[in-house]
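A.B. asks: Listed below, chain by chain, are the residues.
There are 2 protein chains.
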Amino acid sequence: MHELIERKTIFEGHVVGLYLDQVLLPNGKPVEREVVLHGGAVGMVPLDTEGCLTMVRQYRHATGEYLLEIPAGKLDEGESPESCAARELIEEVGLAPGRLIKLSEFYTSPGFSNEVLHLYLALDLEPREAAPEEDEFLEVERMPLEEALEAVGRLEIRDSKTVAGIALASLWRATRDGRKEVR
Amino acid sequence: MHELIERKTIFEGHVVGLYLDQVLLPNGKPVEREVVLHGGAVGMVPLDTEGCLTMVRQYRHATGEYLLEIPAGKLDEGESPESCAARELIEEVGLAPGRLIKLSEFYTSPGFSNEVLHLYLALDLEPREAAPEEDEFLEVERMPLEEALEAVGRLEIRDSKTVAGIALASLWRATRDGRKEVR
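For the record, the sequence lines run as chains A and B. Going by this note's numbering, the first sequence opens with residue 165, and the numbers climb by one from there. Going by this note's numbering, the second sequence opens with residue 165, and the numbers climb by one from there.
Hint data in this document are derived by calculation from the structure and do not stem from the laboratory. All clues stand as given, with none of them false.
As the list makes no split between identical chains, a pair holds if one copy fits it or if it spans any two.
Computed cross-link-like contacts, DSSO-like style, restricted to lysine-lysine with a CA-CA straight-line distance of at most 30 Å: (1) LYS172 <-> LYS238; (2) LYS172 <-> LYS193; (3) LYS238 <-> LYS193.
Construct all of the structure, not just a fragment, from the sequences and the given hints.
C.D. replies: Pasting the structure below:
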């Protein structure tokens, strides 16, 4: 454990806050740590009865690229991850999940950030009217889970929550089905 | 695509830089985007002939938690991901990889950051003398891949690259072995 000596606020924005911490290492040495605080987010792997995933393609300004990702969203303050997952899945792709199975929960980049991502498998999907936010420009894409896993292997799907979600959903399905082939 | 109008530098540190960008959305609306730039990193899943992974447990100041993670490291400027992977695997856990198989390459948090993580399966491991950096306090832990996957399911392994790496390595092995059980 590192003892926090002093925190200096560099920036507090709508999405992230940046802080410069003075901490004491276990060997008593003082060091500086750059810390990015974030309110957390959810990602959903919507898997339908035909074995297809529904994903979204969007431009990500920070990366300079269009990325194919599972539906996701930032947690509102005080909102539970499950409520957020159901809300965002309807808003982004017009699917209401009858069942949410937690696949994982992870820090996206623990070396400098506290952002936590709650990852769900979304099943028993019911169509609803999508309601993307005004400034979201999303293209919805549906593809078989096997194809998505192949796209991960070809490095065409390049988002942490989407890679983890596709891999864990593939393992979940292989285990459940007891099938010999998993990809 | 969003057109960049102006970038304001908020902070440039050793690990991250923070910028406030004015961008034009496709609908012509100007918006502000918080951007965290990072030089990229590598993560390695070292899988030995006994089917065990070698991981490291360390305190992550930004998260306030001790996390169990696969060995990883930041890319030095101009360094190839493969060289970095081999170097960091020796430094952190004393294993030299005879073979590196690229499992994935992803943005850890594309909503606000350009950090890319290059993920490898490391095989044909040869023991070497570890040389952790002075300020790294790592505890090395070795466990069967199946146990690691179970720890992901119990939400005990909570790091994006580690979750993705364990899941993809499990799929890789299940496919290669043609085994019925994958977890």
